[in-house]
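All chains should be built: construct the whole structure from the sequences, respecting the hints.
These protein sequence lines are chains A and B, in that order. All residue numbers for the first sequence refer to this note's numbering, where the first residue is 296 and numbers rise by one. All residue numbers for the second sequence refer to this note's numbering, where the first residue is 296 and numbers rise by one.
Heads up, some of the hints might be wrong.
Since the list can't tell identical chains apart, any single copy or any two copies may satisfy a pair.
Taking lysine to aspartate or glutamate and the DMTMM-like style, the derived pairs with C-alpha atoms no more than 25 Å apart in a straight line are [to be verified]:
id	residue 1	residue 2
1	Lys323	Asp386
2	Lys323	Asp415
3	Lys322	Glu306
4	Lys323	Glu606
Hints listed in this document are in silico derivations from the structure and should not be mistaken for laboratory results.
Number of protein chains: 2
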Amino acid sequence: MVDFSFCSYTEFVFGRGAEKKAGELLKKYGAKRTLIHYGGRSAEKSGLLSRVEESLSDAGMEYTTLGGVQPNPRLSLVRRLITLCREERIDFILAVGGGSVIDSAKAAAAGALYDGDVWDFFCGKAAFPKIAMPVGTVLTIPAAGSEGSDSMVITNEEEELKRGVSIQCIRPAFSLLNPELTFTLPAYQTACGIVDMMAHTMERYFTNERHVELTDTWCEGLLRTVIRNAPKVMENPCDYDARAEIMWAGAMAHNNVLGCGRVGDWASHQLEHELTGLYDVAHGAGLAVVMPAWMKYVLRHDVARFCQFAERVFDVQADYFDMEASAFEGVRRLEQFFTSIGMPTRLSGLSIGNDRLEEMARKVRLQPDGKVGNFVRLTPDDCLEIYRLAGDAKQ
Amino acid sequence: MVDFSFCSYTEFVFGRGAEKKAGELLKKYGAKRTLIHYGGRSAEKSGLLSRVEESLSDAGMEYTTLGGVQPNPRLSLVRRLITLCREERIDFILAVGGGSVIDSAKAAAAGALYDGDVWDFFCGKAAFPKIAMPVGTVLTIPAAGSEGSDSMVITNEEEELKRGVSIQCIRPAFSLLNPELTFTLPAYQTACGIVDMMAHTMERYFTNERHVELTDTWCEGLLRTVIRNAPKVMENPCDYDARAEIMWAGAMAHNNVLGCGRVGDWASHQLEHELTGLYDVAHGAGLAVVMPAWMKYVLRHDVARFCQFAERVFDVQADYFDMEASAFEGVRRLEQFFTSIGMPTRLSGLSIGNDRLEEMARKVRLQPDGKVGNFVRLTPDDCLEIYRLAGDAKQ
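Here it is in structure tokens:
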């Protein structure tokens, strides 16, 4: 187990009608003037925005609103938010939506207190500041885990780049999680969210640390829970209990309780970011394609860990005379599961051809030593091989 | 899943030398004048106290010290601490020790800001206040989970009563967890700690809530991890990795991440408190006796849950033609495990006779409706039956 610090201070309020507590929570956390930042029209049409606004009014909180976030949060929107926060003397941002809405709120919360341009933080031009305005969330899409995490990802649409940053000061002060708000999510978006939270878990699971037994069992338990409940929400989108399991799993998959004592990998996320940057695919769908390809490429690095994964998550009975086959069987069942919830597992399923694989491999964000990932340190050539595996229908 | 709020804001700093960060953390959390509150002579002799003091001096922090806590923290000590805090204008308490030291620090942190007597909170005479001085911890005994919990237990030695309170404001601001500090723990104390953290998990596990799948798997994973690592620390007390698993499990067993969405039982803790109140036994040893007896008494209330426990925690293969037998087999293996680490499973193992069982059953702290526990609502007569089971060598 490696040394670690863990402080997940977010107050989670979970259950039916949780969004109605927004005003009360903002008051508790000292908001004076709140920006309610939400996504598309669905929050307006469903009545969610009205309920949140009513809750703020009832608590006597001042606020202003801004809607219109698209998936894969764009830098231009973050800049607009920052201008608005300054003009309106905002001191608290309440994000009503999914990961994109929350991530742009987080970026704005830090950017508004910074003199330069917010992209400086993401391109490495400036160190990320240790202060940000507080952020609260009303979650509508369980997926990114941004409602409890210290991380965010922003897309620079001009440069076709998607970049992430993790820092404690952007962890939300509170998050209101009502599983009922997810009943109306389309099946495709539900499935993308499921892949995303599984990926957050698997990125942490595949580590070279030995003796991370407690967190191993928690990762495995979270994956099993999501796998067991996914068909239920696909069959019946209004199954409260199944939606609740998935919503709570999404938050716990990324607040980093699963990362304690471990060094996660995160190469798959970097590889996926290039897909989104170039092709604007859904993050979860991109991960469903990249992650199995990454697994096949690195599996021989630690067959034992992949066997453990196969057995404990997918009930693969180990073949002690051919451990590698057992390990590969785990990856096959993961793909099978992704397929069962309507997710692609090859680039072709995202309508992406093989023509820009080299370009993507060249653009993958590397660490200072010119490599990416921790479980196996990958060169750009390795990345290209993984993209090729992801593009190969016959693999 | 029941609605819940969860906010575990404690900053955990985990790893070798964690105690040396005490000064830095106190500074971060705004301490001006700290009381270092520690247990017996072991913290002095081992050099731990010196290292902590040096860390405070290096950070330029003012402090005063008070040692001498006995197991099962006593009200008289809490009162002494409160007087000292007021006299010395203390604004932060750093507890260096196990659950007893931390619990008395928590009680003093709240009591020092209260005009009346601190026992008022525990006997129900006054509602617990919403403010307390901040508390930090340097943990030396993984057991009570007090380093990350919102709860504490104090013994009123005059009235032979042990009472607990849970409230958010006493959750530690930070906790420094160095597994090396536990290398010198005697085997008996290590075992008591293991039982205590398992009990915290099992109290939450046995619930009437359906659809608590994620937390079920996490409870089971924690129990398995502790069971797997217990013989390792018994065999080799300086096994860093095994000590680390157990230390982190102890913290996670009681910060209530395992209680999210569930209603825990907690009757066994109330039943055990009467043992400690009358006989001053070690809390963990008391739980090892009470909990299996409680299980046998309530098992038929939900055979399915006990079967799940038996299979997933102890690898009991279900006998589908006799589920009750499978369920009982789980309890038998739990007792077997307790025995394997040197814990008693009957009152006689604590040198307690059957002469005061009625008195204990009469004193068990009941809820307003005259019952205790949530999985099964127990009357004082039920409590007496459980004490009798615990006292019966032949059961």
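Status of the hints after comparison with the structure:
| no. | hint | in the structure |
| --- | --- | --- |
| 1 | Lys323 x Asp386 | both (14 Å within a copy, 23 Å between copies) |
| 2 | Lys323 x Asp415 | neither (33 Å within a copy, 27 Å between copies) |
| 3 | Lys322 x Glu306 | both (14 Å within a copy, 24 Å between copies) |
| 4 | Lys323 x Glu606 | neither (46 Å within a copy, 44 Å between copies) |
When each numbered hint is compared with the structure, violations occur for hints 2, 4.
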